[in-house]
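K.L.:
Residue strings, one per chain:
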Amino acid sequence: KAGVTQTPRYLIKTRGQQVTLSCSPISGHRSVSWYQQTPGQGLQFLFEYFSETQRNKGNFPGRFSGRQFSNSRSEMNVSTLELGDSALYLCASRTSGGRETQYFGPGTRLLVL
Amino acid sequence: GENVEQHPSTLSVQEGDSAVIKCTYSDSASNYFPWYKQELGKGPQLIIDIRSNVGEKKDQRIAVTLNKTAKHFSLHITETQPEDSAVYFCAAPLRGGADGLTFGKGTHLIIQP
Numbered sequence: 001k002a003g004v005t006q007t008p009r010y011l012i013k014t015r016g017q018q019v020t021l022s023c024s025p026i027s028g029h030r031s032v033s034w035y036q037q038t039p040g041q042g043l044q045f046l047f048e049y050f051s052e053t054q055r056n057k058g059n060f061p062g063r064f065s066g067r068q069f070s071n072s073r074s075e076m077n078v079s080t081l082e083l084g085d086s087a088l089y090l091c092a093s094r095t096s097g098g099r100e101t102q103y104f105g106p107g108t109r110l111l112v113l
Numbered sequence: 001g002e003n004v005e006q007h008p009s010t011l012s013v014q015e016g017d018s019a020v021i022k023c024t025y026s027d028s029a030s031n032y033f034p035w036y037k038q039e040l041g042k043g044p045q046l047i048i049d050i051r052s053n054v055g056e057k058k059d060q061r062i063a064v065t066l067n068k069t070a071k072h073f074s075l076h077i078t079e080t081q082p083e084d085s086a087v088y089f090c091a092a093p094l095r096g097g098a099d100g101l102t103f104g105k106g107t108h109l110i111i112q113p
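For the protein sequence lines, the chains are L and U, in the order given. Taking the working numbering, the leading residue of the first sequence gets 1, the next gets one more, and so forth. Taking the working numbering, the leading residue of the second sequence gets 1, the next gets one more, and so forth.
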């Protein structure tokens, strides 16, 4: 099976812009989670989607949003970018939820100037 | 919510020696503890996990132990090899059962030739 794919892999934006990142889960996986990874804060949970519904949300401002499509592909959007949003954004998928293994994609490296 | 602490932050061992990384968690209801390995430029990759109904699990040179009473779990790597050099993360469920993971800050494992 193909793994989790994320596009684009690298992105440079300026403050105030918005950005949309895409994630395609492993075939058959219906749950998609997003994480932000920074050197200072480490890996932090953003939100999780299952069957097009957000099931859980981390402690991030409303500028961070996401959605999931009927084919389980997911997008996350960050509006009004700030310098501190520079990070590696990781997507992880699993079949449904609970104590199932999450499989991570390679991430999208976002740099905000 | 769950809080996971990981140490050490950096661990340097001679090739062939063993490495041990320790994590503690706060939520006694947590029941699933994965370990991820992240190499430069890649997303985290699951290397082993343990569920709360067992105390130890092994997979070749890698083992994980869980002490539910003390609320800590450890990763053991024996006969370390150069390809073991990476950053290792422990994790636990966000709210003791499902929907996202909370991660430790990571351990940079360096294998000295």
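Hints listed in this document are in silico derivations from the structure and should not be mistaken for laboratory results. The C-beta atom is built at its ideal place from N, Cα and C for all residues, glycine as well. Among the hints, erroneous ones may be present.
[Said to hold, decoys possible] Calculated lysine-lysine pairs in the BS3-like style (CA-CA distance at most 27 Å, straight line):
no.: 1; chain 1: U; residue 1: Lys71; chain 2: L; residue 2: Lys57
no.: 2; chain 1: L; residue 1: Lys1; chain 2: U; residue 2: Lys105
no.: 3; chain 1: U; residue 1: Lys105; chain 2: U; residue 2: Lys57
no.: 4; chain 1: U; residue 1: Lys42; chain 2: L; residue 2: Lys57
no.: 5; chain 1: L; residue 1: Lys57; chain 2: U; residue 2: Lys105
no.: 6; chain 1: L; residue 1: Lys1; chain 2: U; residue 2: Lys58
no.: 7; chain 1: L; residue 1: Lys1; chain 2: U; residue 2: Lys71
no.: 8; chain 1: U; residue 1: Lys58; chain 2: L; residue 2: Lys13
no.: 9; chain 1: U; residue 1: Lys68; chain 2: U; residue 2: Lys42
no.: 10; chain 1: L; residue 1: Lys1; chain 2: U; residue 2: Lys22
[To be verified] Covered by chain L, per the in silico footprint, the following chain U stretches (three or more residues, Cβ under 8 Å):
no.: 11; stretch: 34–45
no.: 12; stretch: 101–113
K.L.:
Now look at each hint and say whether the structure bears it out.
P.N.:
Here is how each hint holds up against the structure:
At most 27 Å may separate the alpha-carbon atoms for a hinted pair to count; Lys71(U) and Lys57(L) meet this at roughly 25 Å. For the hint pairing Lys1(L) with Lys105(U), the CA-to-CA distance comes to about 30 Å; that exceeds 27 Å, so the pair is violated. Taking the CA atoms of Lys105(U) and Lys57(U), the gap is about 23 Å. The hint holds against a cut of 27 Å. Our distance criterion of 27 Å between C-alpha atoms is met by Lys42(U) and Lys57(L), whose separation comes to about 24 Å.
Only pairs whose Cα atoms come within 27 Å are accepted, and Lys57(L) paired with Lys105(U) is accepted, the gap being roughly 20 Å. Restraint check for Lys1(L) and Lys58(U): satisfied, since their Cα atoms lie roughly 25 Å apart, inside the 27 Å limit. This hinted pair does not check out: Lys1(L) and Lys71(U) have alpha carbons roughly 36 Å apart, beyond 27 Å. Between Lys58(U) and Lys13(L) the alpha-carbon distance is near 44 Å, which puts this suggested pair outside the 27 Å criterion.
A C-alpha spacing of about 31 Å is found between Lys68(U) and Lys42(U), which places the hinted pair above 27 Å, so the restraint is violated. With a C-alpha separation of about 33 Å, the suggested pair Lys1(L) and Lys22(U) falls outside the 27 Å cut-off, and the hint is violated. Residues of the stretch 34–45 of chain U lying with their CB closer than 8 Å to a CB of chain L number 7, which satisfies the three-residue condition for coverage. Taking a C-beta to C-beta cut-off of 8 Å, the stretch 101–113 of chain U contributes 6 residues in contact with chain L, enough for the three needed, and the coverage statement holds.
The structure fails hints 2, 7, 8, 9, 10 (numbered hints given earlier, in ascending order).
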